[in-house]
Amino acid sequence: MALLLWNEPTAAMRNWWKFLGIGLLLFASIAGLRIPLAPALVHVSPDRIAPGPVDVYVTGYNSSFGNDVKVRLVNEGDAVCASSVAVLDGTHLTARFDVPAGFKANLTDVEVDGLTYRGALFTEGLGSGIVEEQCPGVLDMQNSSAQEVGFAFPNRSILYESIRNLHFHVPMWFTMIVLMGISVFQSIKVLGSNSLDRDLAAEMAVRIGLVFCVLGLITGALWARATWGAFWTNDVKLNGAAVTGLIYVAYLVLRGSVQDAHKRARLAAIYNIFAFVLLVLFLFVVPRLNAIDSLHPGNGGNSGFSDLDLDDRLRVIFYPAVLGWILLGAWMYDLRVRAARLETTMDR
Amino acid sequence: MWFGKPLAIGMPITGTTCSSSHYLIRAGAISGVASPQLGGWAAYLRPVRPAEITTLLRLEMALDLRQRAAWAGMLLYVVSAVYVCYLAVKGGLGLATWNALFWIILLFAAFNALTRSFQREDAGRQLYLYTLVDPRSVILARAIYNGGVMVVLSLLSLLVYTLLLGADVLVEADLGQFVLSVVLGGIGFASVLTLISAIAARAGNGIGLMAILGFPLVLPLLLTVMRASKLALDGVAWSVTSTYFGGLVLLDVITITLAWILFPYLWRD
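Heads up: the protein sequence lines correspond to chains A and B, in order. Just so you know, we're using this note's numbering here: the first sequence kicks off at 2 and counts up by one. Just so you know, we're using this note's numbering here: the second sequence kicks off at 188 and counts up by one.
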């Protein structure tokens with residue numbers, strides 16, 4: 002009985018990967034948009050303090066400052082605790098410090114109950130060091146996770162909520178690379194076999210890949226506007242994306258300008274292979290050479306998100322999102338190839 | 188191709204009209220039956236024929252020297268482009284602008300010069316070459332020849348450019364590195380655009396298609412070479428710039444290898 006079922010799979014069984022893809026996409030989209038950001042400090046003023054009494058105004062995000070909150074300024078072992086803290090609400094507080102003169106290093110970081118804002122402050126006056134005076138409860142503060150609200154995304158200064166775009170922007174490029182890879186594979190097969198069907202598959206993979214390229218450009222441009230302040234910057238990664246788009250539009254123009262089907266198949270396949278290899282060089286080798294001036298994460302000494310996300314909270318959503326988008330791309334490609342095959346059959 | 192050899196010998200050699208056969212036979216390149224027909228991947232195991240390549244190179248040179256107007260056209264193109272820039276900018280250029288303008292002129296000069304590479308081939312001669320030689324020899328010879336043309340053209344452009352737009356920026360520069368970057372850039376343009384020129388010629392829509400297909404593929408090379416030459420102009424030490432020159436050589440080698448692999452498929456009809 003089981004064998005019989007196996008021999009004649011139902012449509013649902015044959016198309017399991019489409020269901021998987023849609024399920025993963027739903028999961029990644031809902032979870033990626035709904036999971037809150039981890040609490041963090043987002044603003045500290047003033048940004049420059051001198052020795053003496055000073056009021057520091059701290060703004061948090063998704064935080065819940067209580068009345069017994071502990072605030073201090075730290076850097077490399079030196080620390081000054083707040084003499085008094087006035088909590089305005091869960092996300093705002095004012096702390097008063099009596100900053101003594103003669104620290105060894107600048108006090109740069111602000112800590113509120115285990116949340117840290119690095120490089121928030123500049124303090125004047127470098128001295129030979131002062132007698133360290135431990136604040137009450139400072140040792141607890143090191144490991145405090147009172148503010149953690151279960152599962153949350155990491156929070157980082159210029160990203161904030163836009164970090165959710167990670168689950169959309171990056172999978173677009175992964176999907177595009179996969180589709181262009183399929184296209185090159187089909188093109189190599191075209192050269193070996195002169196098969197027009199393979200040529201059609203290569204073309205459809207490029208067409209769907211271009212859709213994902215455009216989506217990647219749009220999500221990237223929006224993200225760049227939110228974090229860097231401009232839709233487009235002169236960056237190696239962005240140039241790579243633009244060249245990718247140009248190459249594959251040129252591929253389609255080349256196809257359009259040859260009439261004979263067999264000649265078109267061979268010329269397009271040759272250009273596709275040539276362009277793909279140069280593209281891989283451009284995306285992965287040239288940025289290594291010109292890496293000094295990139296803003297993009299994972300380039301030119303910028304850390305990728307894997308360094309920022311120390312406990313893999315993003316990965317739980319990110320990997321399913323990548324797989325989901327790739328499966329969706331494969332499905333779209335499959336549909337286009339089948340539709341094009343029907344069209345050629347009907348033409349005959 | 189069993190008729191390869193008899194055809195080669197049987198062709199009448201009448202001076203100007205059949206110069207290609209004349210060259211091929213005189214150099215003794217066609218020693219055996221050259222079979223351009225591919226036998227799957229095994230075809231790539233056949234050794235490269237240096238004699239064939241040198242003969243084809245001499246054929247290219249002879250054909251090109253006969254067309255003096257084409258050379259004059261290329262030179263005039265470069266000189267007028269530089270002169271237009273000279274009229275447009277008038278006066279001091281910053282180092283970065285000087286460099287950028289030079290490479291833009293060279294880029295368009297390369298497109299102008301290399302578009303001709305496969306355009307002048309008529310169907311008859313192509314078929315004739317096809318029966319005589321290995322297509323891989325054709326693309327290698329063409330790439331080497333175009334590389335030579337581009338080196339000459341680049342150095343001449345540099346000369347005209349410095350004469351008209353001033354050589355102030357070259358005072359601080361590491362001249363050897365700069366000239367090296369110009370030479371490597373020229374060879375790189377030639378290696379990318381040779382195959383593209385062949386594709387565009389086969390598609391039968393030469394000049395317009397050449398720009399569309401070639402431009403995005405030249406960009407990686409252009410960006411790298413512009414940065415290398417900018418560093419050379421700044422007089423940066425060899426230890427820093429050697430990565431860029433290494434990258435340029437790598438790009439050139441990979442491009443020529445790809446052209447060598449793909450061209451036989453392009454040639455078949």
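What the hints contain is simulated information worked out from the structure, not anything from laboratory work. All figures in this text were calculated on a predicted structure; none of them were measured in a lab. Keep in mind that the hints are not guaranteed to be accurate.
[As the list claims (entries may be wrong)] Covered stretches of chain A (in silico footprint by chain B; criterion: 3 or more residues with CB under 8 Å from a CB of chain B, positions within the stretch not fixed): (1) 42-48; (2) 257-266; (3) 277-283.
[Unchecked claim] Ranges of calculated distance between the beta carbons of each label pair, as one might list FRET restraints: (4) B:Ser426 / A:Ala243: 29 to 39 Å; (5) B:Leu350 / A:Arg289: 34 to 44 Å; (6) B:Leu437 / A:Thr95: 55 to 65 Å; (7) A:Gly103 / B:Asp355: 34 to 44 Å; (8) B:Gly363 / A:Ile189: 46 to 56 Å; (9) A:Thr109 / B:Val271: 49 to 59 Å; (10) A:Ala262 / B:Leu314: 33 to 43 Å; (11) A:Arg342 / B:Val427: 33 to 43 Å.
[To be verified] Some, not all, of what chain B presents toward chain A, calculated at C-beta under 10 Å: (12) Gly422; (13) Thr430; (14) Leu438.
For every residue, glycine included, the Cβ atom is placed at its ideal position computed from N, Cα and C.
Going down the list of hints, with the structure as the test:
no.	hint	result
1	42-48	violated (count 0)
2	257-266	holds (count 3)
3	277-283	holds (count 4)
4	B:Ser426 / A:Ala243: 29 to 39 Å	holds, 32 Å
5	B:Leu350 / A:Arg289: 34 to 44 Å	holds, 37 Å
6	B:Leu437 / A:Thr95: 55 to 65 Å	holds, 59 Å
7	A:Gly103 / B:Asp355: 34 to 44 Å	violated, 52 Å
8	B:Gly363 / A:Ile189: 46 to 56 Å	violated, 42 Å
9	A:Thr109 / B:Val271: 49 to 59 Å	holds, 54 Å
10	A:Ala262 / B:Leu314: 33 to 43 Å	violated, 22 Å
11	A:Arg342 / B:Val427: 33 to 43 Å	violated, 54 Å
12	Gly422	violated, 18 Å
13	Thr430	holds, 6 Å
14	Leu438	holds, 7 Å
Violated hints for the displayed structure, listed by number in ascending order: 1, 7, 8, 10, 11, 12.
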